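> Residue strings, one per chain:
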Amino acid sequence: MKRGRAILAAAALSLAGAMAVRATPPGAVSDEAVTGEGMPRSLSEYGFFADAAAQVPARNVIPYRLNTPLFSDGAEKLRFVYVPQGAQIAAQGEGLLDIPVGGALIKTFAFGEGADRRLIETRVLLHRADGWLALPYIWNEEQTEATLAVVGGRREVTTPAGERISYRIPNKNQCKECHGLQGAVVPIGPKARNLSQDWLQDMVPARHLAAMPASSDTMPRWEDRASVPAEAAARAYLDVNCAHCHRPNATASNSGLDLRWEQEDRQALGVFKRPVAAGRGSGGHEFAVVPGRPDDSILTYRMDSVEPGVAMPELGKSTVDEDGLAVVRRWIAGMPAS
Amino acid sequence: MVRKPTIAALLVAASPLAAAPVLAATHTIAPGEGAQERLQEALILAEPGDEIVIGAGRYELTDGLSLDVDGVTVRGAGMDGTVLDFTGQAGAGEGFLVTSDNVTLRDFALENPKGDGVKSKGADNIVYHRIRVTWTNGPDAGNGAYGIYPVESQGVLIDGVKVSGASDAGIYVGQSDRITVRNSIAEANVAGIEIENSRNALVENNLATRNTGGILVFDLPSLPVMGGGNVVVRRNLVVANDTANFAPPGNIVASVRRGTGILVMANENVAIEGNVVDGNPTAGVMVIAYTQPFDDERYNPYARNVAVGENVFGRNGYEPQLDGADRLLAAFGGSLPPVLWDGNAQGGTGLRVAEGVAGWTLGLTRPGQAYGEANPAPLKVPAPADAGWDDSGIGAPPELEDRLG
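Taken in order, these protein sequences are the chains called A and B. Residues in the first sequence are numbered consecutively from 1, following the numbering used here. Residues in the second sequence are numbered consecutively from 339, following the numbering used here.
For the record, the hints were derived by calculation from the structure and aren't laboratory data. These numbers come from a predicted model, not from an experiment. Careful, some of the hints might be misleading.
Stated by the list, open to error - So, partial list: chain B residues that the calculated Cβ filter (under 7 angstroms) puts toward chain A:
no.	residue
1	E371
2	E375
3	I382
4	E385
5	G387
6	K452
7	G453
8	G482
9	P562
10	M564
11	P587
12	N589
What the hints assert, rightly or not - Covered by chain B, per the in silico footprint, the following chain A stretches (three or more residues, Cβ under 8 angstroms):
no.	stretch
13	167-177
14	250-257
15	280-286
Glycine included, every Cβ here is placed at the ideal spot set by N, Cα and C.
Sequences and hints are given; from them, build the entire structure.
This is how it looks when you write it as structure tokens:
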């Protein structure tokens, strides 16, 4: 008897699910896809885009940029946040925006410019009742649809620097390697300090953001890196590119290296810090950072490598970020000895 | 691979018994086209209690594998039957990464991972059974760092594994608690077996040979987890560790002298007994303080309460990689006594050595003191006060044994 009722209930549920998806009007996000239990097989099921190929967002899907972005082999990144109707983001000082359950972050990776632009993958972070879920979707050749690829994949692309590479799309577990904090998946990018003040201000009257964050600390914009102090540019770069792992309670916590923007202890930042588990990643050097000597620092040695086992970051990198490396080298070169 | 939730699964999920693997499934992977994707997909979509069987054969993998589901068993067809070949690895920092609890890895091999072999981080109650990690070109600074690499974990049982060629440590346990490493072979690594910043570790019935150093127990400063201690090293064969150090400079093990049998550095409550220690050119047992400068007030650089009990010492210390080796050898009659102490004691917690075991001391008086200031002399220290150690609470939780066999 119980069993029969359960079957009926399950059938009713799935029917309701199907109807809800069909009932979603064009240009509106499917809240069922965002907050439901399953892993939607195609990106279009979410309805995040009014025109996905052109990356035109749907209603309540808001594009944003980061002041200093994560380098991903030079991929162009199109970032969006979805805030469900009637819900609002809460600011938490200079830290991560508190995006409500039902919200989502969407990031598309593309290579090529203008008419040659090809969408490679779109990663979604869904805020469900039981936490965040990270899923990767890979675009088809026709650029008409992106399909769930929990195992990730590889695609041949040409970087903006003209390098032909095998670009790695992370699998679902690898999403968590960067997004994991104390065992849970969390967003990384949208911290108030790394967002445009103008964008934040616009989000308030649009009723997407409850109020402006109280904080005033702001990371420099990457395009301004030559004109801002070397330390600010480098520390912003390290926070965004490294500190999701190199911080307490995250993937590289056991290294003892903490590259977060707010970290002020020089040894935690790598200054005269000996390696722990670097292996040949040490490159024969004794310390992560030797003030005044970027050529003798493990940090720059590993940034300058693409070899697995040596290269940092370990994931999402097939090429050296020459601009990022230059910024970090400049910071170390100008660092006082004590 | 995508599993449709069954009615039964829904009912189980709603019940308080959800954690019990009532509906454990077995997923079998065979070699051939798309094996990498099929295997990784199985690892991602597995549910607690499931078993993933990797069929016999050689799997050429280009990316690291990872598992983040609790309670999964990954089983191959034997450490010579199922080989995960990472010679062509293009990405990730290790061959296989485990980040979930209660996982069992058994009966398969990894060859030539570019970074570490199997890393398990924050993975409590993990069992490694009959896993082989081999760098097939032998000792080489270009090899990956660690073969078996559990870190920041509570409950680690390593049984019957075999690691060779690691440019750091073959079997490395770091920043963990309740650990057993046993019945395993570590050959031709820089460090055979290394227990670092960990507590309550039992290292027994292993063979460590042809490494630079056989078995290392130590504590390093400036790490999230420190205060290593309560370590028992017993009934191991620590023989002929005579490979020149091939660790990349900068790493702590790069300072290990060729031919160190058992090394204890900056640790507390370490018992060394019932081992066969022979053919280690620098020292059979070396007990020292941390030698580098450090800036971490939580850190204790001394080796405290280290007891060398009854062991079988053969010929050790016959070709020591030490300054003034010739003079030392002449003074001690051709080979050095089996136990080498640096002389650094914190209060009354210095080294204890069983009666009849010969040793010598560098006669240093403070950690970090230059070896040039040594005053070598025969060792005269008391015997361990109590021969019987209370080793309850040391070693992996006994229930992990249930997953062997």
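> Hint by hint, say whether it matches the structure.
Results of checking the hints against the structure:
1. E371: At about 14 angstroms, which exceeds the 7 angstroms cut-off, the nearest Cβ of chain A leaves the hint on E371(B) violated.
2. E375: Holds, because the Cβ-Cβ distance from E375(B) to chain A comes to roughly 5 angstroms (cut-off 7 angstroms).
3. I382: holds (5 angstroms)
4. E385: This hint is violated: E385(B) lies away from chain A, its Cβ roughly 14 angstroms from the closest one there, beyond 7 angstroms.
5. G387: Violated, about 19 angstroms.
6. K452: Cβ of K452(B) sits 4 angstroms from chain A, so the hint holds.
7. G453: holds (3 angstroms)
8. G482: holds (5 angstroms)
9. P562: holds (6 angstroms)
10. M564: violated (10 angstroms)
11. P587: holds (4 angstroms)
12. N589: Since the shortest Cβ distance to chain A is 6 angstroms, the answer is holds.
13. 167-177: holds (count 7)
14. 250-257: It holds: at least three residues are needed, and the stretch 250-257 of chain A offers 4 whose Cβ sits within less than 8 angstroms of chain B.
15. 280-286: holds (count 7)
Taken one by one, the earlier hints fail for this structure at numbers 1, 4, 5, 10, listed in ascending order.
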